[in-house]
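Visitor: Residue numbers (this note's numbering), protein chains in the order written: chain E, 1 to 550; chain U, 1 to 162.
Take the hints with a grain of salt, since some may be wrong.
Here are some chain U residues pointing at chain E (derived, C-beta under 10 Å) [as the list claims (entries may be wrong)]:
id, residue
1, 25
2, 38
3, 138
4, 154
5, 158
For the record, the hints were derived by calculation from the structure and aren't laboratory data. Each residue gets a CB set at the ideal place from its N, CA and C atoms; glycine is no exception.
Residues per chain are reported as follows:
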Amino acid sequence: MIEHVLGALAAVFELHTLALMTLGVTAGLIAGAIPGFTIAMAVVLTLPFTFGMTATQGLSTMIGVLVGGLSGGLMAGMLTGIPGTPSSVATTFDGFPMARGGRPGLALGIGVWSSFFGGITGAVVLVTLAPQLARVGLEFGPWDYFALVMFALTITSSLSGKALLKGIIAGTLGLLVAAIGEDEVNGVARFTFGSDAIRQGFAFLPVLVGLFAFSQLLSDVQDRDKARQALMPRGTKAVRVEHRKAIGEVLRRWTVVLRSSMIGVFTGILPGAGSSVSNILAYDQAKKASQHPEKFGTGTPDGIVAPESSNNATEGGALIMVMALGIPGDIVTAVMLGALLIHDVVPSPSFISDEPVLAYSIFIAFFFAHFIMVTMQAVCLRIFVLITRIPMYVLASVILVYCAIGVFALHNVGFDLWTLFLFGIVGYTMRNLGFPLAPMILGVVLGDIAELNLNRAWSISNDISLFVTRPWSAFFLTLALFSAVFPWYQRDRNRKKWTVFYLPVFLLVIAAPVLAMGGTVRPVLGAGLVLVGGYLLWRRVKPSSSNPDA
Amino acid sequence: MGRLHTDTLIAIFLLLFCGVFLAASFTIRETSYASLGAEVWPRVVLVFLTLLSLGFLLQSLRPDRREDTPARRDLRQWLAAHTNAFWCFCWFGLFLTTLPYLGMLVGGILFVYATLTSLGRRDLRSHMVHAAIAVISVAAMWALFTYGLNVFLPEGTLISFT
Chain E
1 MIEHVLGALA
11 AVFELHTLAL
21 MTLGVTAGLI
31 AGAIPGFTIA
41 MAVVLTLPFT
51 FGMTATQGLS
61 TMIGVLVGGL
71 SGGLMAGMLT
81 GIPGTPSSVA
91 TTFDGFPMAR
101 GGRPGLALGI
111 GVWSSFFGGI
121 TGAVVLVTLA
131 PQLARVGLEF
141 GPWDYFALVM
151 FALTITSSLS
161 GKALLKGIIA
171 GTLGLLVAAI
181 GEDEVNGVAR
191 FTFGSDAIRQ
201 GFAFLPVLVG
211 LFAFSQLLSD
221 VQDRDKARQA
231 LMPRGTKAVR
241 VEHRKAIGEV
251 LRRWTVVLRS
261 SMIGVFTGIL
271 PGAGSSVSNI
281 LAYDQAKKAS
291 QHPEKFGTGT
301 PDGIVAPESS
311 NNATEGGALI
321 MVMALGIPGD
331 IVTAVMLGAL
341 LIHDVVPSPS
351 FISDEPVLAY
361 SIFIAFFFAH
371 FIMVTMQAVC
381 LRIFVLITRI
391 PMYVLASVIL
401 VYCAIGVFAL
411 HNVGFDLWTL
421 FLFGIVGYTM
431 RNLGFPLAPM
441 ILGVVLGDIA
451 ELNLNRAWSI
461 SNDISLFVTR
471 PWSAFFLTLA
481 LFSAVFPWYQ
491 RDRNRKKWTV
501 FYLPVFLLVI
511 AAPVLAMGGT
521 VRPVLGAGLV
531 LVGGYLLWRR
541 VKPSSSNPDA
Chain U
1 MGRLHTDTLI
11 AIFLLLFCGV
21 FLAASFTIRE
31 TSYASLGAEV
41 WPRVVLVFLT
51 LLSLGFLLQS
61 LRPDRREDTP
71 ARRDLRQWLA
81 AHTNAFWCFC
91 WFGLFLTTLP
101 YLGMLVGGIL
111 FVYATLTSLG
121 RRDLRSHMVH
131 AAIAVISVAA
141 MWALFTYGLN
151 VFLPEGTLIS
161 FT
């Protein structure tokens with residue numbers, strides 16, 4: 001193991017890689033700070049630059065962009081009240097009042113150092129948990145993988161807003177897009193409609209850039225007047241970050257940092273729920289746990305520490321899923337997966353043992369990018385203020401042609417540009433009709449994995465009951481089922497009687513496959529789930545319950 | 001009869017889409033060696049999509065159960081809301097069509113200039129600023145990819161630089 005870590009250290013700390021990472025962090029900080037630009041878009045747009053790099057360099061650069069993007073959002077939120085990314089929405093609640101109250105340097109400092117400590121905590125959990133989860137992943141058969149993909153799709157759909165049905169339709173459309181072209185197992189062409197170009201299927205990058213970046217840019221310039229205005233109000237000024245004071249403030253709140261980071265990590269592990277969810281969850285929890293909840297929203301440091309620690313830690317959690325199981329949970333990690341595939345690395349449970357140097361390079365890059373982020377924040381603040389004077393329509397026009405160049409660079413095939421155009425139209429239309437794009441993108445990425453595993457399962461046995469009798473498969477299918485019902489549970493909670501049974505029934509049902517998993521720990525865990533579920537159910541149904549619904 | 005809700009139109013479109021693809025799935029070549037034919041998975045996906053579309057159609061016909069689709073607007077409002085996107089799509093389509101003739105560098109510059117002018121102001125100063133932005137940004141990207149990353153970008157048959 002030591003030799004792999006040393007090999008990874010040598011690869012990451014190579015001057016060229018460090019320079020690329022610094023460039024990536026800087027680009028991420030700036031992109032994250034611009035309202036309308038999401039972190040996912042910054043990572044998507046970085047991908048074409050990584051084709052000519054080694055896998056370590058490419059992934060380190062993308063991780064740099066990711067970490068920079070997560071921390072960049074706070075700059076805009078604190079200085080102008082407009083969060084740069086959805087990951088920094090909750091930061092604005094207290095960061096902006098603190099900055100307006102005459103302490104912008106301290107507000108920024110607390111944000112930067114909370115991001116740093118949150119990210120480092122996420123990195124530690126990533127290093128600890130990913131190899132363990134990968135070991136569990138080695139137990140998975142094709143039935144279990146297929147069920148895991150179904151769970152990833154249903155939970156992404158159910159967490160993508162009120163429109164559950166639209167989310168599932170989008171995810172299914174993504175699966176269909178992935179099925180177009182030659183099938184991977186038999187080499188038979190599908191849905192080509194007589195076109196030779198479609199025979200190879202749609203390449204992942206043009207579909208992703210079209211669906212996500214192209215349509216996002218067009219949505220950003222939809223309002224003619226807004227598109228012509230500068231991104232930020234004039235008069236936005238760079239300030240000096242008060243690092244020393246900020247470190248003290250953050251370290252005094254180490255419990256908030258730790259709790260929020262854990263919320264971030266576990267939100268990241270859950271497919272579909274990214275940093276846009278975790279920052280609000282962490283803020284809410286910090287407010288509930290605080291002795292002075294009334295101070296939240298007026299510029300209290302706790303209100304900055306909680307969301308900023310959690311959003312940086314979230315990506316550590318999301319990386320765990322990709323590295324341990326090869327299943328991306330959000331658009332950012334889907335792009336990371338795409339980057340690995342471009343370099344002929346297929347993430348799977350055996351990824352860490354097959355490619356140890358690359359795996360440890362990812363760990364180290366994620367860890368070290370946070371140090372670069374702290375260093376570059378002060379520099380980027382000045383660049384950010386300059387960039388905010390540019391109107392959105394200028395940025396969008398230039399980035400559109402960059403998308404074309406980047407997509408063409410992938411395979412040097414003109415058809416990819418038409419794919420970009422087609423999926424740009426599809427993405428823009430879907431956005432405007434209220435369809436979430438994240439499930440569709442995950443559907444495109446996971447479609448091949450689902451089909452391949454279904455094929456493998458069928459080749460081994462045509463007994464369909466294995467999908468429900470194998471513990472892991474039953475576990476994931478149960479999660480998929482309950483996550484599909486989750487939006488209705490949220491809607492009817494405290495209003496309809498059936499919702500009081502949702503949690504106990506879920507615990508009792510999920511306990512069955514856990515009990516069947518064998519070993520010592522898991523059956524004990526399963527028994528615990530039965531006890532908790534049974535107790536909750538008893539409380540819900542007993543006549544003297546304090547719950548008025550029971 | 002009142003106007004159809006947008007969701008209803010989407011559901012009908014999805015059902016037609018599923019119909020076309022289901023029909024196309026019967027043209028997929030069957031192989032004797034496969035344990036699971038190449039047509040099985042797409043058909044499973046399509047049948048599921050058809051069921052979802054039917055559910056969506058039924059939901060859209062119940063006024064109290066419509067999902068959060070933006071309200072329908074009249075044609076003028078609709079065009080006004082999407083004018084900028086239409087310009088971008090038109091110019092991008094033209095850029096791709098002329099790419100074999102103009103190449104990435106010249107085509108890209110013209111695309112950026114045309115898009116900037118369509119979306120931005122159109123006075124003389126703006127035209128000059130747009131031209132400068134187009135030339136500098138596309139030339140820089142072209143140089144970066146061509147010389148920095150060794151990517152061979154398409155050269156036009158009409159305008160070539162080699």
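Visitor: For which of the previously enumerated hints does the structure constitute a violation, in increasing order of number?
Guide: Going through the list in order, the structure violates hint 5 alone and respects the others.
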